[in-house]
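Take the sequences, apply the hints, and build the full model.
There are 2 protein chains.
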Amino acid sequence: MMNLPKYVQIKEVGPRDGLQNEKSWIDTADKIAWINMLSESGVEEIEYSSFVNPKWIPALADAREVGQKIKRNPNVSYSALVPNVKGLDFALEAGIDRASVFMSASESHNINNINKSIADTYPVLKRVIEEAKRSGKPVTGYVSTVFDCPHEGRIAPSEVLRVCEKLFEFGVDDISLGDTIGSAVPSQVEQLLETVLHHYPQEKIIMHFHDTRGMAIANIMTSMQYGINRFDSSIGGLGGCPYAPGAAGNVATNDVLYLLHGLGIHTGINEQKIQEASLFIQGKLGKALPSKSLAYLASAI
Amino acid sequence: MMNLPKYVQIKEVGPRDGLQNEKSWIDTADKIAWINMLSESGVEEIEYSSFVNPKWIPALADAREVGQKIKRNPNVSYSALVPNVKGLDFALEAGIDRASVFMSASESHNINNINKSIADTYPVLKRVIEEAKRSGKPVTGYVSTVFDCPHEGRIAPSEVLRVCEKLFEFGVDDISLGDTIGSAVPSQVEQLLETVLHHYPQEKIIMHFHDTRGMAIANIMTSMQYGINRFDSSIGGLGGCPYAPGAAGNVATNDVLYLLHGLGIHTGINEQKIQEASLFIQGKLGKALPSKSLAYLASAI
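Keeping their order, the protein sequence lines are chains A and B. If you're matching positions, the first sequence starts at 1 in full-length UniProt numbering and goes up one per residue. If you're matching positions, the second sequence starts at 1 in full-length UniProt numbering and goes up one per residue.
It is worth saying that the hints were derived from the structure and are not from the lab.
Using 30 angstroms as the maximum straight-line C-alpha spacing, the simulated DSS-like pairs for lysine-lysine come out as follows:
(1) A:LYS287 x B:LYS287
(2) A:LYS116 x A:LYS137
(3) A:LYS23 x B:LYS284
(4) A:LYS23 x B:LYS287
(5) B:LYS287 x A:LYS284
(6) B:LYS71 x B:LYS273
(7) B:LYS204 x B:LYS273
Which bits of chain B does chain A cover? Going by a derived footprint, with three or more residues having C-beta under 8 angstroms, they are:
(8) 185-196
(9) 214-220
(10) 243-255
(11) 258-267
(12) 281-292
The following label-pair restraints were derived from C-beta to C-beta distances:
(13) B:ASN3 x A:HIS199: 23 to 29 angstroms
(14) B:GLY283 x A:TYR200: 44 to 50 angstroms
(15) B:GLU93 x A:GLU194: 54 to 60 angstroms
(16) A:PRO245 x B:LYS86: 46 to 52 angstroms
(17) A:ASP97 x B:GLU40: 55 to 61 angstroms
(18) A:LEU197 x B:GLN191: 24 to 30 angstroms
No residue lacks a Cβ here, since even glycine has one placed at the ideal position from N, Cα and C.
Listed below in structure tokens is the structure:
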């Protein structure tokens, strides 16, 4: 029988990665009420917003107010995305327990997304990471397009490894490997983890899947068979794909919990509370979210 | 690395299991045009309709006309669902290459679905199977609710095995094990296959997953790790769940093909043609189908 972890840690990224890719504006008060619901679900980490310039992510322009007004649960670690030292300063002011920096494993996706080459991104992230660490905050490094890039196609595991090496050298505590366009199949997950786990212990690696083609749950299964027990997910499967406006977003926390609890894996998260928070944000967005477990529960007779 | 089959055979059940659970009536001419499209996709088997009394499945009341008028591709095996000898006679008249009989592993689901106890169902199926074999037609036995029953909960693998034993004794050529309510997680698939494959060779067993909670692709991965290389799927994820009107149906052929082809597994099916046939039936139903790969391709920019 499969060898699976007994415990899996979920980071809820709906308020950041989810909303970042939604076109609708969610009122700040609704965001706060919703994050407060998530804070009571038993989830241990919530990425509550992004301190990227609002010009680039208007949906999260209220990051400071959100950070200041959410009710902090002492059992939850609150993180936010920070692009540079200025963003980090705003985030520290608003309150974070952990900072998240980001870049791509693909040169052209990095240029498209951050407007810098990979080489030019390193010194920026180095400074942010050092300053966050000086402020006593752990740092997660997001590496995106670790399997496929919308511009370059297949990304070699060695390219991903090179970026991981730099980020760990700069001092990140862990790295979240992102299937940004939700294109990977389990054999790609195997190949990447064979490479990465040859150099770093499992507990330093988080897997971040998008469910664009419905492969995310299978990819999580494969990751767990490699001992990975930390995953990013987004409530209801919020988000979407900038390259396909009708496509699914991050893997849904609801579906991940259905899988994990069904497998007898402990998460500490209350599915009922995740369900309620999903219906809340679904109502605010005014459209059905892509999570199949959510659709099932919402319509069960 | 995982040990996976090199070739997987898909049975397209959209025209039967898919449409059976859709509320909209699809015109007979459209069904025929659509099945003709599927016949040109490279798929080797299509279940084109059901000869159950139209009172129970009004969506497929035109089974005879469909069977008579579809353009038969000599490389495709055309099957249909038959509940009894009368249904089999109609199916033989309309033209079938293979007959499918069905029952549940759960007593109460069987009573609900067929209006007979499991014990009373056996002699009916025995006669159909024998008569189909006398007419030179191979027979597939569908066993539903092999993991969980909506009335009884968890079904023991030993119960499923007992039904399989009977059906093989009556002469079925193979058995399709159905996760009718789409509730299984991979550990359940493992447990069932450990039991069933202890008694029967892999090539006699087909897995039939519904994607109600988004677990089907992971369950297919697990099945393939046990050597299973025959799956039922439904184009676009057509269908739905009688217990949850908004929930997903059969696992989508589109998503299965994305997985299999991504893993380098041969199917002989042209994804582009499946995509076109999906958009055709989606247009006739007038609603978005649940396949995530379809949603991605349909909206990619």
